[in-house]
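This is what each chain is made of:
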Amino acid sequence: MNFGQIELDERQLAFIRDVRAVLARHWIPDPDVLALDHHWPTPELIEVLAERGWIHPCHAEEDGGAGLGPVEARLLELLFDAYRVPSYGNQFLLPTLDRYGSAELKAEVMPDLKSGRASFCLGYTEPDSGSDMAAARTRAIRDGDEWVINGSKMFTTWAQQADYVFLLARTGTVQEKHRGLTVFLVPMRTEGVEVRPVIGMGGVRTNVTYYRDVRVHDRYRLGGVGDGWKVVSGPLASEHGADAPDPLGDLNGPMGAAFTRTLARLVERTVDWAIVPDPATGEPPIDDPLVRSALTAALLDIEVCRSTPPGYGKVAASAALARHAEALLDLTAPAGLLDGGAPGTVEHGVIAWARLFAPATDIYGGTSEMYRNNLARGVLGLPRPR
Amino acid sequence: MTRAEPQIELRWDDYTLSRDQEDVRQVLRRFFSVNSPSERVRAAEAAGIDEALWRAAVDAELVGLSLPDAAGGQNAGLVELVLATEEAGRVLAPVPLADHAVAARLLASTDAGHALLRPAAAGDVILAVAPLSAEQRGPQLVPGGAVAHAVLMLVDGNLLLLRRPRPPAIAANQAAAPLAWWDPDDPATDAELIARGRAARDRWTMAIGEWRVAMASALTGLAAGACDLARAYSLERGAFGAPIATYQAISHTLVELHMAVEAARNLTWRAAWYHAHEPGTRPELPAMALSNAIRTATDVTARSVHIHGGFGVTLEADVSLYHRRAGVWGRVAGGQRLLERAAETALDRIVASRRAASASGARLNGPSALRRPAIPVEPA
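Sequences listed follow chains A and B, in order.
Quick note on numbering: the first sequence equals residues 1 to 386 in the working numbering.
Quick note on numbering: the second sequence equals residues 1 to 380 in the working numbering.
Next comes chain A alone, as it looks inside the complex (with noise of 0.2 angstroms):
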């Protein structure tokens, strides 16, 4: 057990200064940005960062990597947060191409995913199908050396910046469930992918894209033909933060630990809109007891959602953000309620902006109905649910 301090080296002293004078030279933070997920990195920042190989740093420098150890990594990981940098890379990815690309593939397709100049988007949802994952009805049909694919996939999050298309699609029959499914990766510039806008509440963009007839070359498949649901459990099982937990990681996995972050800027906005005298009473709202109280419950439930473990720090975090979002927009209220950049707004209207966003964080990665299934089997050894 150790929560400790690490005591840092010239070296990675100097690798501090070295990331802050790249960021200070190619990134401007933006405080209003509460969700590092749902922004993009520009291209700019993101050549930097590649020529670097600060995307995927752990890796080796042949790789695409830095070749960085492990303090280094989590320094580099606490300055993009503290910078606002969005959340890129394809780690999640990786792995999976290593294991089930073929070697003519991975010579496409491998040098800037693992740099992280090029990147994919995912393809798992459907429009009638979402926790269900294995009644995808997005089909492909062998064509000689191609496939022809048609369907649409919903939530492709990324689609419109992403080179790739990671596709879960139906080869074999519905019946078949998960065993009837094989796994793609599409560029997506192919004639026949269509990329369409959904825009999800306060103004979060994501997409439904379509698949018409998309012929892709036989080496774009990942894995066997059928063993689809094999292919994709790696990368689901990253995201849903069954890796071991890391002692320099955040404990309650990358999503959870995402909105935890979200969660503690929240509260930092609120402070900001507390210390200010109220014009109406020329008290600072700070010293109303009441104010300091849902504050300080905030500050506690950030605490206990950072102590959660990693395969249920998702769930615990979206339920913290969704409650403590609405809680602190009720303490602003009403000023507070309004947008950004209409008359008399409060912190930019970050904290209503919160509230809208924060339905999606306890559906997307999985709903947390899906995660609870996991876990009543998976951890506490329950049977099948009926």
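Quick caveat, the hints were computed from the structure, so don't treat them as lab data.
Heads up, the beta-carbon is just placed ideally off N, CA and C, and yes, glycines get one too.
Errors might be hidden in some of the hints.
[Said to hold, decoys possible] Listed below are several chain B residues computed to face chain A (Cβ distance under 7 angstroms; list not exhaustive):
#: 1; residue: 12
#: 2; residue: 13
#: 3; residue: 273
#: 4; residue: 288
#: 5; residue: 292
#: 6; residue: 344
#: 7; residue: 345
#: 8; residue: 351
[Claimed, not checked] So the derived list for chain B, only partly shown, Cβ under 8 angstroms to chain A, looks like this:
#: 9; residue: 15
#: 10; residue: 74
#: 11; residue: 77
#: 12; residue: 79
#: 13; residue: 137
#: 14; residue: 141
#: 15; residue: 244
#: 16; residue: 247
#: 17; residue: 251
#: 18; residue: 266
#: 19; residue: 270
[Claimed, not checked] Some chain A residues well away from chain B (every beta-carbon gap over 12 angstroms; in silico):
#: 20; residue: 59
#: 21; residue: 60
#: 22; residue: 128
#: 23; residue: 300
#: 24; residue: 303
#: 25; residue: 312
With chain A fixed as given, assemble chain B onto it according to the hints.
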């Protein structure tokens, strides 16, 4: 325009126990699960203590575990104490392990040669603290006070050791906890001055933090024990032709409870570590850990009772033993109202740093002209 350089802090976030700590935990779990079945818990309700269990715990070197070796203890730290109180809490062991250990550690840290320390490590003298004495004058409701021979309290800034010929009677409560009133002004009570001034206050602050994490851990163990009962019941109880565990209303509840317990344990461990190693860095953590443990334990036991259906509310159901204790143990030092006040140091630090940033104009100030309409215009 000056722009603030965002600050970062690099720390370990490592919850793994050492080999020795794992071994201690296994020994504790085995000892308490074997020696404290629910029949014994029930049998001890009138006396507030199971004397034979207390002796057995002494012989197993569990009572002196976290006391200094000079006093006859095993010299383990706060983390080991937290492991012990969790395992005792898991089976509701009717022994005042946490109160006694915290009081003995306070006495040892103030007066290492005090005559009561060796008998305390040997379990012949039972000690307790009056956790609210620094804030409220007059008679004190002392956890473990009905089985204690001596009680430490902070009165007018003086650390006093109170002794009585025999402990006061139990103040009846739903947990059958050995709570009792100790009155520093009672002429039948002998008061010995242990420390005064700054030393007294500093040591007291440490002891209260220790009491909070030890109690948070006892409640975590209690909640874990209740979860186990509810899980087992859900597998054996059938309804509509299947075990009730197959219904999501039950299984999802069990997952929520289990995860709340895991988080409560981790937060308690983190609080214990900070309190032992850097008590000034996160002074709110012990209060936060206890605050969370109280709400976790009360929520877990209430919902575990519910999973047992009508049977759960009967006195013969073991889960009712847990529910009765969950509502009392952690609140003996004042409820959430006082704990929240203690947790406000976390808010005070954020307020101070945001005020400083705002005053120096150094608040992170990027292209915040960003205007995010809630109902967006259709993107081009």
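Run through the hints listed earlier and report the numbers of any the structure violates, in increasing order. 7, 10, 11, 13, 14, 15, 23, 24, 25
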